[in-house]
Amino acid sequence: MIGEELVQLLTPEGERVSNPEYESTLSGEEIFGLYRDMVIIRRLCNESTSLQRQGQLALWAPVQGQEASQIGAGRALAPMDFTFPTYREHGIAWCRGVPPEDMLRLFRATSNGGWDPQKYRHSVPTIVLGNQVLNAVGYAMGVQRDGAEEAVMTFFGDGASSQGDVLEAFVWASSFNTPVVFFCQNNQWGISTPMSIQSKIPLYHRAQGFGFPGIRVDGNDVLAVYEVTKRALESARVGGGPTLIEAYTYRLGAHTTSDDPTRYRIDAEVEVWKHRDPIERVKSLLVREYHVKSPKFDDVRDEAEQMALKLREAVLAMDRPDPITMFDHAYAAPHPLVEEGRREMVELGVSGGPH
Amino acid sequence: MATTTMTMAKALNEGLRRAMEKNKKVLIMGEDVGKLGGVFRITDGLQKDFGEDRVIDSPLAESAIVGTAVGLAIRGYRTVCEIQFDGFVYPAFDQIVSQVAKLHKRSDGVYTMSLVIRIPFQGGIGAIEHHSESPEAYFAATAGLRVVSCSTPNDAYWMIQQSIEHDDPIIFCEPKSRYWEKGEVDTENPPAGLFDAAVRREGTDVTVIGYGASIKTIMRAADTAAVEGTSLEVVDARSLAPLDLDTMATSLKKTGRLVVVQEAPHMASIGSEMVAELSERCFYSLRAPGVRVSGYHVPYPPTRLEEDYRPTVDRILDAVDRVMEFES
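Chains as they are written, first to last, in this note's numbering: chain B, 1 to 355; chain F, 1 to 328.
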């Protein structure tokens with residue numbers, strides 16, 4: 001089903017696979033680090049789903065099943081690289097250092113962003129999917145003009161792969177040879193739309209038609225995702241141009257907490273993919289090859305629990321912002337209509353006054 | 001005062017050149033803007049002088065022209081995007097509304113959306129369909145954007161530079177039918193701020209407000225009206241979002257009568273906004289309701305008919321008569 005061209009370094013059972021092009025460069029300690037990241041992100045995701053079910057979040061976009069894609073890609077980045085996410089890149093945000101509570105401001109509906117994108121070199125979430133891919137290519141054009149050895153990586157899914165903006169971005173990146181990595185998480189479902197409706201050919205094959213390399217990696221194999229992404233980023237930094245990475249993965253949960261996947265897909269399919277769980281296979285490797293013992297895994301579990309507890313407290317403490325803040329940063333320079341609105345709000349006594 | 005006579009096209013070209021000389025972060029991107037100098041030659045010679053990295057001939061995709069300019073803005077560049085014709089801006093509408101207008105807010109002020117989107121707009125050149133439209137109201141209605149329009153070479157020269165220097169995104173509407181008309185350009189002193197309206201002709205009976213290509217038509221109407229004994233005060237809005245309502249209201253309080261002129265249909269238009277705002281501000285000074293002279297509510301017609309669609313001197317004078325009749 002997946003095809004022989006899939007780059008895989010670790011089987012679902014956690015056994016190493018030799019690949020003529022790629023080999024894992026990571027130490028046992030580093031692999032354990034990736035395991036820790038994935039466990040924390042899954043816990044963050046579960047906690048956020050609970051918070052939504054308890055009425056504390058307006059919405060949540062789960063990432064279960066895609067942890068290896070995001071942690072592998074996120075950890076391959078260099079500090080100066082810049083990333084353009086969608087609303088589901090919690091693992092990338094984690095790798096970039098965005099505090100978990102900041103990731104939830106959007107879903108708590110207290111902010112349309114949530115963090116300082118320049119500080120973390122991770123842009124604010126894009127909800128109109130496809131837009132961010134063009135924005136990333138533009139940023140990469142700026143990197144080129146600055147003569148900087150930096151790469152730009154942008155994220156989208158199999159759904160957005162049909163957007164005109166994504167295809168225009170492929171044209172631009174190819175024509176101008178921009179230092180950008182297109183990281184497509186093919187999680188098989190665009191809400192209820194199956195992959196077969198988005199594309200009749202494997203998504204990574206599209207790159208060839210635009211004139212740059214495309215590669216399909218096992219998106220549930222964190223070692224493979226890490227190596228494939230690292231090489232694509234390195235190539236971009238030194239003038240090698242764009243790469244399309246198709247991380248072949250699966251969205252184990254719903255599209256968002258508003259979705260009901262039982263209406264459009266069968267349990268048997270989900271079961272198959274549960275067997276390919278990205279976290280379990282690394283754990284198997286760590287046990288068998290590096291003899292990691294239970295207490296170390298328990299420590300990670302406890303750390304994740306602590307993070308979840310802290311996250312819950314932070315979210316519950318996130319109050320409704322003062323309404324007057326809606327006028328902040330609507331424009332960079334003063335604007336009469338914004339001032340008029342601000343004045344009216346103060347006069348109505350809705351707000352305590354300008355911030 | 002160093003004044004030179006030049007066409008609006010040349011004035012825009014000189015303004016762009018000066019902005020690029022002043023700031024290395026200023027780029028130009030669009031279809032055919034390099035070697036060809038743009039279909040209207042507004043960017044003529046700029047690629048030769050500033051290089052292909054700064055004057056970028058782009059593939060044919062408007063969403064990408066604007067969408068990549070967004071990324072360049074995040075990286076600290078100031079890109080002037082050229083949209084070849086008004087009717088071709090719609091593929092970029094998503095990027096303009098969803099990203100250009102909102103990213104400053106979404107990033108809590110961290111990102112500066114310093115980009116200018118130049119759109120040759122309005123009709124009057126006998127073109128085929130999609131080359132004569134007035135899309136300004138779509139952008140004016142979007143919070144986060146600013147919309148301006150020049151009507152003289154001097155304004156063109158200065159307003160394009162002021163737009164490039166501004167930190168908010170600017171939709172820059174150029175009246176393409178006036179590109180080849182000459183005027184005096186003062187290259188030392190800007191005539192006004194970017195968002196200021198200008199009184200083009202003083203008068204006492206009726207305030208007539210317009211922008212872009214309509215200004216010349218209104219000025220002709222004012223000449224004719226003067227012969228007939230009616231004194232028109234002509235106000236060039238220059239900025240369509242925000243509107244310089246103070247300048248407009250000052251004029252209206254003096255005349256008590258208002259006519260607004262635009263090529264766009266009047267439904268949810270800039271002219272409708274002017275009438276609504278000014279009626280509120282000047283209610284006790286009004287001697288007649290404000291009247292709009294607009295394009296008709298039909299798709300822009302085949303251009304053999306366009307002079308029956310665009311506001312003409314006669315239609316403006318007819319509106320003037322209607323507001324004057326209220327004085328009995």
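Because the hints were derived from the structure by calculation, they are not lab data.
Treat the hints with care, as some may be off.
[As the list claims (entries may be wrong)] Per label pair, the in silico range of CB-to-CB distance:
| hint | chain 1 | residue 1 | chain 2 | residue 2 | range |
| --- | --- | --- | --- | --- | --- |
| 1 | B | T325 | F | D196 | 26 to 32 Å |
| 2 | F | H130 | B | E271 | 51 to 57 Å |
| 3 | B | I266 | F | G51 | 26 to 32 Å |
We put the beta carbon where it would ideally sit given N, CA and C, even for glycine.
Right, here's what the structure says about each hint:
no. : hint                         : result
1   : T325/B to D196/F: 26 to 32 Å : holds (30 Å)
2   : H130/F to E271/B: 51 to 57 Å : holds (53 Å)
3   : I266/B to G51/F: 26 to 32 Å  : violated (58 Å)
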